[in-house]
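Colleague: What follows is the residue order along each chain.
Number of protein chains: 4
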Amino acid sequence: MFKSETKIQVRYAETDMMGVVYHANYLVWMEIGRTELVKNLGFSYKEMEDEGYVSPVTDIQVSYKRGARYGDEVTVVTKIAYYDGLRTHYGVEMFNQNNELLCTAKVEVIVVKKENFRPISLRKVFPHWHEVYEKNKIIV
Amino acid sequence: MFKSETKIQVRYAETDMMGVVYHANYLVWMEIGRTELVKNLGFSYKEMEDEGYVSPVTDIQVSYKRGARYGDEVTVVTKIAYYDGLRTHYGVEMFNQNNELLCTAKVEVIVVKKENFRPISLRKVFPHWHEVYEKNKIIV
Amino acid sequence: MFKSETKIQVRYAETDMMGVVYHANYLVWMEIGRTELVKNLGFSYKEMEDEGYVSPVTDIQVSYKRGARYGDEVTVVTKIAYYDGLRTHYGVEMFNQNNELLCTAKVEVIVVKKENFRPISLRKVFPHWHEVYEKNKIIV
Amino acid sequence: MFKSETKIQVRYAETDMMGVVYHANYLVWMEIGRTELVKNLGFSYKEMEDEGYVSPVTDIQVSYKRGARYGDEVTVVTKIAYYDGLRTHYGVEMFNQNNELLCTAKVEVIVVKKENFRPISLRKVFPHWHEVYEKNKIIV
Chain A
6 MFKSETKIQV
16 RYAETDMMGV
26 VYHANYLVWM
36 EIGRTELVKN
46 LGFSYKEMED
56 EGYVSPVTDI
66 QVSYKRGARY
76 GDEVTVVTKI
86 AYYDGLRTHY
96 GVEMFNQNNE
106 LLCTAKVEVI
116 VVKKENFRPI
126 SLRKVFPHWH
136 EVYEKNKIIV
Chain B
6 MFKSETKIQV
16 RYAETDMMGV
26 VYHANYLVWM
36 EIGRTELVKN
46 LGFSYKEMED
56 EGYVSPVTDI
66 QVSYKRGARY
76 GDEVTVVTKI
86 AYYDGLRTHY
96 GVEMFNQNNE
106 LLCTAKVEVI
116 VVKKENFRPI
126 SLRKVFPHWH
136 EVYEKNKIIV
Chain C
6 MFKSETKIQV
16 RYAETDMMGV
26 VYHANYLVWM
36 EIGRTELVKN
46 LGFSYKEMED
56 EGYVSPVTDI
66 QVSYKRGARY
76 GDEVTVVTKI
86 AYYDGLRTHY
96 GVEMFNQNNE
106 LLCTAKVEVI
116 VVKKENFRPI
126 SLRKVFPHWH
136 EVYEKNKIIV
Chain D
6 MFKSETKIQV
16 RYAETDMMGV
26 VYHANYLVWM
36 EIGRTELVKN
46 LGFSYKEMED
56 EGYVSPVTDI
66 QVSYKRGARY
76 GDEVTVVTKI
86 AYYDGLRTHY
96 GVEMFNQNNE
106 LLCTAKVEVI
116 VVKKENFRPI
126 SLRKVFPHWH
136 EVYEKNKIIV
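Protein chains in written order, with the working numbering: chain A, 6 to 145; chain B, 6 to 145; chain C, 6 to 145; chain D, 6 to 145.
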């Protein structure tokens, strides 16, 4: 099982008048975490796009535990929680610099052709990527 | 059962290089939908804040069906899916101008004191609000 | 001389921990104002894009006078301050519901081909658009 | 004369359907650059806020030269272009990884009391900060 850790410095622009990070911004950080995981496994999301594919989020579940604040350094831990050749579920946990849990999440993504948004099989179109995801997903 | 409908014009800034609305922005629209529902029931989220309370999201589940695009007019339909005096679950559906379903979601919020983020009972602190939510929630 | 007025309801997501709207978000509202002006003059920015052209901002100057706050209704007043067939300068003023000035701005945009970002002459490529802009720009 | 350099990895969420970074996001990066400069000079913007002061932008001028793209690493160069004890002008230049100029900007900020937004004199309230800014500003 593989996990990726990404450090995020909270931006002033990401806070709201509640004094904490606006909840939608956690989704942006999750995407940065996924990109890092993909990179750490030897691939590039950018290159996939250059070849005409994009990877939209199809389902997301977030459980918010504690607000991140300006000045915090957040660690985004990302794992491949499930993978079946078509759909990938990323498991995410975020912590602040005091190791306090900020949120847990599950993000489902697929890969589609950019021109028509039709889903493709990672197994067929990116076989090497498929192999590495099979090897590094969490065994249940 | 009460439902609120809010119209959203997609902003250019909300799109990404995939050509559709970036998925985190749906959460912003959901909040606009909740604010509208609250207003339609005779209350004001702004006034609640002025009294020293804020209403953070504690859990969110979104199932994305179809990308919204620049030029679209989106309708956000919001209902009180669950309410127990402490937690409220808002049920959300979004449609584009062709009545195509963009996403379904469930958003859980609580109310906390702004100064210490301690949860409060809506039933006790805002009894009129409580009464109206009890009356307008979906009966299961 | 033509001017367009657009109403904006401040979104919670647009505020920051300072308690006012984060200053970059005014640029988003200015874009909504420009889109509205274009629409009021009988054109569609969306259609221009569908024909393969985009309209990037090349220069912006904003003088911030007063912070917008959650709950405010902002009026964005947009005029064509300058137009020469190639470049358009939009003059912008924003007011809150008490008619207090929030900011003044000047935004310069050009039109480019989407595929290579090469500037085009509005006069040549969109002659009708050119004519209407000539007629409605501020006479100095 | 002092200058600060900050590296920014372009986020997917920062792009728009034009395929480049949405122009308002450059203002967010400028703020990150200012925070870094402040930190490099031995101060903390966070601590200033904790003492009850905030630092709003009062004027901004940006000249956009070239669009940043997803995958780019952007360098934000920030200098103190002007300082008079009350107002600070930050001079900003941004480059991509090929050393191509993305934009130049000037950002004016002041410091105000958070509770009433009344401007304060940095010279009086933060004398050490004042001294360091005097020493490190660009001499014209």
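Bear in mind the hints are in silico, worked out from the structure with no lab data behind them. There's no promise every hint is true.
For chains that are exact copies, the list does not tell them apart, and a pair is met inside one copy or across any two.
[What the hints assert, rightly or not] Below, a list of computed lysine-lysine pairs in the DSS-like style, where the Cα atoms sit at most 25 Å apart:
| hint | residue 1 | residue 2 |
| --- | --- | --- |
| 1 | K70 | K129 |
| 2 | K70 | K44 |
| 3 | K119 | K70 |
| 4 | K51 | K119 |
| 5 | K8 | K119 |
| 6 | K44 | K12 |
| 7 | K118 | K44 |
| 8 | K51 | K84 |
| 9 | K118 | K70 |
| 10 | K129 | K12 |
| 11 | K129 | K118 |
| 12 | K12 | K119 |
| 13 | K140 | K8 |
| 14 | K12 | K142 |
| 15 | K51 | K70 |
Colleague: Please list, smallest to largest, the hint numbers that this structure does not respect.
Modeller: 2, 5, 10 and 12
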